[in-house]
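Using the sequences and the hints, build the whole thing.
Heads up: the protein sequence lines correspond to chains X and G, in order. Under the UniProt record's numbering, the first residue of the first sequence carries the number 1, and numbering increases by one thereafter. Under the UniProt record's numbering, the first residue of the second sequence carries the number 1, and numbering increases by one thereafter.
These are calculated hints, taken from the structure and not from any lab test. Please read these numbers as outputs of a predicted model, since none were measured by experiment. Glycine is no exception: its CB is placed at the ideal position from the N, C-alpha and C atoms. Fair warning: there could be bad hints in the mix.
Some but not every residue of chain X turned toward chain G, in silico, with C-beta under 7 Å [claimed, not checked]:
1) F34
2) V59
3) N96
4) E97
5) G127
6) H304
7) K306
8) L313
Listed below are several chain G residues computed to face chain X (Cβ distance under 7 Å; list not exhaustive) [said to hold, decoys possible]:
9) F34
10) Q145
11) S158
12) G194
13) S197
14) E198
15) A225
16) I226
17) T228
18) A230
19) G299
20) N312
21) I362
22) A391
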Amino acid sequence: MAKMNMLQAINSALAIAMEENENACVFGEDVGAFGGVFRATSGLQEKFGKDRVFNTPLVEQGILGFANGLAAQGTLAIPEIQFADYIFPAFDQIVNETAKFRFRSGNEFNVGNLVIRTPYGGGIHGGLYHSQSPEAYFAHTPGLKLVFPRNAYQAKGLLAASLESNDPVIFFEPKRLYRASVGDVPEGKYTIPLGKAEIVQQGTDITLLAWGAQVEMLEKAAEMASKDGISCEIIDLRTVAPWDVETVSQSVIKTGRLVVSQEAPLTGGFASEIAATIQDECFLHLESPIERVCGLDTPYPLAHEKEYMADHLKVYEAIKRSINY
Amino acid sequence: MAKLLNVDNPNNTSKNDTLNLEFVDEHALAIPTFKMLDDNGELYKDAQASSMDKETAIRIYETMRFIRVFDERMLAAQRQGRVSFYMQCLGEEAAVTGSAAALEDKDMIFAQYREQAALAYRGFTLEQFMHQNFSNEKDFGKGRQMPIHYGSKGLNYSTISSPLGTQIPQAAGYAYGQKLKGDKACTICYFGEGAASEGDFHAGLNMAAVHSAPTLFFARNNGYAISTPASEQFKGDGIAVRAVGYGMKALRVDGVDVLAVYEAVKKAREFAVENNAPVLIESIAYRLAAHSSSDDPTGYREKEEEETFRANCPIERFRRYMLKQGWLDEAEDEAAKEKIKADVLSALKVAEKVAKPALEEIVTDVYEDVPLHLQKQYEQLKQHILKYPEAYPATASRIEETK
Ligand SMILES: Cc1ncc(C[n+]2csc(CCOP(=O)(O)OP(=O)(O)O)c2C)c(N)n1
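As structure tokens, then:
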């Protein structure tokens with residue numbers, strides 16, 4: 001075990017995968033000698049050489065198109081998109097190509113060797129274009145796995161599993177926690193299974209569900225609620241697509257109440273998908289309407305970031321509304 | 001010789017077929033860099049005569065001098081935690097100011113983010129710059145974007161957008177509209193050599209060429225895109241050569257030489273407006289500053305490299321020229337710098353005390369009118385803030401006032 005922050009944990013998972021996979025390549029804007037603007041790929045070029053760890057020209061559609069080709073050829077391709085806000089120039093390559101490579105060819109070809117890493121989320125004074133959480137766009141695209149770590153330990157294990165997965169993965173890294181999340185992380189390899197949610201805290205009165213950095217908001221809110229005598233069960237979804245309906249519905253059947261929280265805007269967000277499925281699965285067990293605590297239906301603002309965010313106080317209020325319904 | 005292939009595109013300039021199988025060399029085309037002023041601020045022997053009058057020269061010099069001091073102070077303010085982010089124009093002041101000076105006020109500007117000097121030249125005031133950087137209620141952008149994302153409808157300066165390259169095809173479209181309207185105006189579009197790798201670069205230049213839009217594509221080749229050197233960005237001879245592939249005229253200019261930039265852009269503007277055609281201009285001037293306040297260049301380039309370029313200062317070069325012309329007085333120049341420093345500091349102190357935008361600005365401008373669902377979200381948010389005023393101090397006090 002070592003104390004690592006999330007960046008070090010990610011770096012460690014990458015280094016192990018590159019040792020295990022002879023030709024695995026890490027590439028993207030500024031990831032080479034510099035080690036990335038957040039330093040997640042620090043030292044990798046020194047260790048594995050310029051042919052395997054390299055800066056690309058500044059073109060996200062190129063990075064993803066190249067990655068699709070490389071993965072189809074059989075090489076483990078690990079592109080980085082510098083900010084999730086800048087993934088959109090690559091939208092076509094991801095939505096029409098990455099996600100459909102296997103299906104359209106009848107499994108003659110696939111890009112299961114592809115893991116896209118990208119920092120996402122707000123709370124860092126980033127304004128419109130350094131704060132977004134675009135998972136819903138991709139969750140609407142069958143064929144992609146979407147993975148969100150909530151801390152350093154989870155990041156290493158989930159990234160290792162993503163790198164082993166034979167399906168393409170978008171690995172969303174909560175940049176607000178890159179350095180803030182520090183914990184015990186094994187130096188060697190371990191994996192955390194994709195598609196499995198984790199019950200972070202057992203409880204009996206209400207289920208709280210989120211993924212990535214938002215889990216922290218649930219934990220704070222649950223602590224406030226516990227002072228009111230409310231026992232919260234906290235679930236980290238970890239994989240947004242395909243998601244673990246079983247674990248969530250079991251919990252809701254037990255508690256009868258659900259609050260789902262996401263950073264992204266309310267309308268069309270993944271929280272809505274969860275609410276729809278859970279009311280279907282658990283209708284007769286629900287004691288109150290499912291609450292969604294989300295960003296507003298606006299672009300992500302700067303001066304009003306605090307007000308905009310789905311913070312712990314908003315989650316706490318939702319818990320009370322649900323309990324008092 | 002009989003035609004080997006029946007290609008009948010009137011745009012094909014070469015109608016020759018050949019029986020010799022030979023590569024066209026990748027460096028078949030090398031574009032020279034236009035210069036006028038040497039390091040001492042003297043025109044090169046045989047240099048083209050300058051058409052810049054005294055009044056324009058003074059306005060350019062004052063703009064560069066202002067931006068240099070302003071950038072320095074704002075970076076310091078960022079270091080003190082007073083603003084969250086900053087980006088300097090250091091080393092590229094001549095490229096940006098000289099090009100803006102060659103335009104007419106009715107010409108539109110689409111910038112990337114490092115072109116505050118163009119906006120200053122147009123007349124954006126110190127106070128206006130400050131309000132944007134402090135995201136306060138007097139910011140035209142209503143405090144929504146990060147610092148340095150300026151915009152001004154009145155000054156024909158389109159609001160900065162962080163996603164790189166997006167402004168390039170937009171500039172082509174804007175210019176096309178100017179042409180249809182018969183404005184006799186053009187649109188200039190600034191971008192870095194890094195952003196020129198984006199697909200939007202190709203889209204924008206090809207659209208402008210095919211649709212004959214009077215657009216000036218101004219590539220600031222400053223050697224770096226954050227940590228990525230130009231040598232890892234492209235293999236060709238800079239950005240300018242690409243123009244040929246689009247059937248577009250090109251110029252390359254020494255971006256440290258404000259006279260050369262001014263003449264180049266003036267010529268390009270004239271050509272673009274007269275002929276309804278785009279022009280690609282590439283300026284070469286080193287990015288002396290860190291990429292932004294979040295960046296530390298010691299991780300990717302040598303101090304010595306920076307020092308070589310620091311010695312080649314665009315403002316100093318022009319200052320020498322101005323002194324020689326008798327258009328600038330040294331003592332007055334020094335006094336002016338001190339005054340700018342003082343002005344910047346006092347404007348900063350004012351702007352940081354101006355209130356944050358009112359809470360309702362969180363839901364305005366998403367659409368022209370605030371739709372019902374956003375009115376509802378706003379109401380809920382307001383009630384929430386009133387319940388926890390200490391958690392949202394910037395807006396809570398203001399809501400309570402208006403209650
Ligand atoms: C689409 C997109 N991708 C990535 C980024 C992150 N980013 C911001 S500035 C920058 C480098 C730009 O370099 P260049 O275009 O050469 O301009 P310079 O900063 O040198 O003026 C990068 C990669 C972005 N803003 N937008």
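Hints versus structure:
Evaluation of the X:F34 hint against chain G yields a held restraint, the C-beta minimum of about 4 Å falling below 7 Å. Annotation: interface hint on X:V59 holds; nearest CB of chain G at approximately 5 Å, less than 7 Å. Hint status for X:N96 relative to chain G: violated, with the closest Cβ pair at about 15 Å, above 7 Å. Against a cut-off of 7 Å between C-beta atoms, the interface hint on X:E97 is violated, since the closest Cβ of chain G lies about 14 Å away.
Given the 7 Å rule on beta carbons, the hint for X:G127 holds: about 4 Å separates it from the nearest Cβ of chain G. Checking X:H304 against chain G by beta carbon gives a least distance of about 5 Å; that is within 7 Å, so the hint holds. For X:K306, the interface hint holds, the least distance from its beta-carbon to any beta-carbon of chain G being 6 Å, beneath 7 Å. A distance limit of 7 Å between C-beta atoms decides the matter here; for X:L313 the minimum to chain G is near 5 Å, and the interface restraint holds.
About 26 Å separates the beta-carbon of G:F34 from the nearest beta-carbon of chain X, more than 7 Å, and the hint is not met. Because the smallest distance between the Cβ of G:Q145 and any Cβ of chain X comes to about 5 Å, under 7 Å, the interface hint for this residue holds. With 7 Å as the threshold, the beta carbon of G:S158 stays out of range of chain X, its nearest partner Cβ sitting at about 15 Å, so the hint is violated. For the restraint placing G:G194 at the interface with chain X, the shortest Cβ-Cβ distance is roughly 4 Å, inside the 7 Å limit, so the hint holds.
About 4 Å separates the beta-carbon of G:S197 from the nearest beta-carbon of chain X, less than 7 Å, and the hint is met. Evaluation of the G:E198 hint against chain X yields a held restraint, the C-beta minimum of about 5 Å falling below 7 Å. Hint on G:A225 holds. Least Cβ distance to chain X is approximately 5 Å, under the 7 Å limit. The interface hint given for G:I226 is met, as the beta carbon of that residue sits about 5 Å from the closest beta carbon of chain X, less than 7 Å.
For G:T228, the suggested interface contact is upheld, since its CB lies about 5 Å from the closest CB of chain X, less than 7 Å. With a least beta-carbon distance of about 10 Å to chain X, the hint placing G:A230 at the interface is violated under the 7 Å criterion. Because the smallest distance between the Cβ of G:G299 and any Cβ of chain X comes to about 5 Å, under 7 Å, the interface hint for this residue holds. Nearest Cβ of chain X to the Cβ of G:N312: about 25 Å, over the 7 Å cut. The hint is violated.
At its closest, the beta carbon of G:I362 sits 5 Å from a beta carbon of chain X; the interface hint therefore holds under the 7 Å criterion. For G:A391, the suggested interface contact is upheld, since its CB lies about 6 Å from the closest CB of chain X, less than 7 Å.
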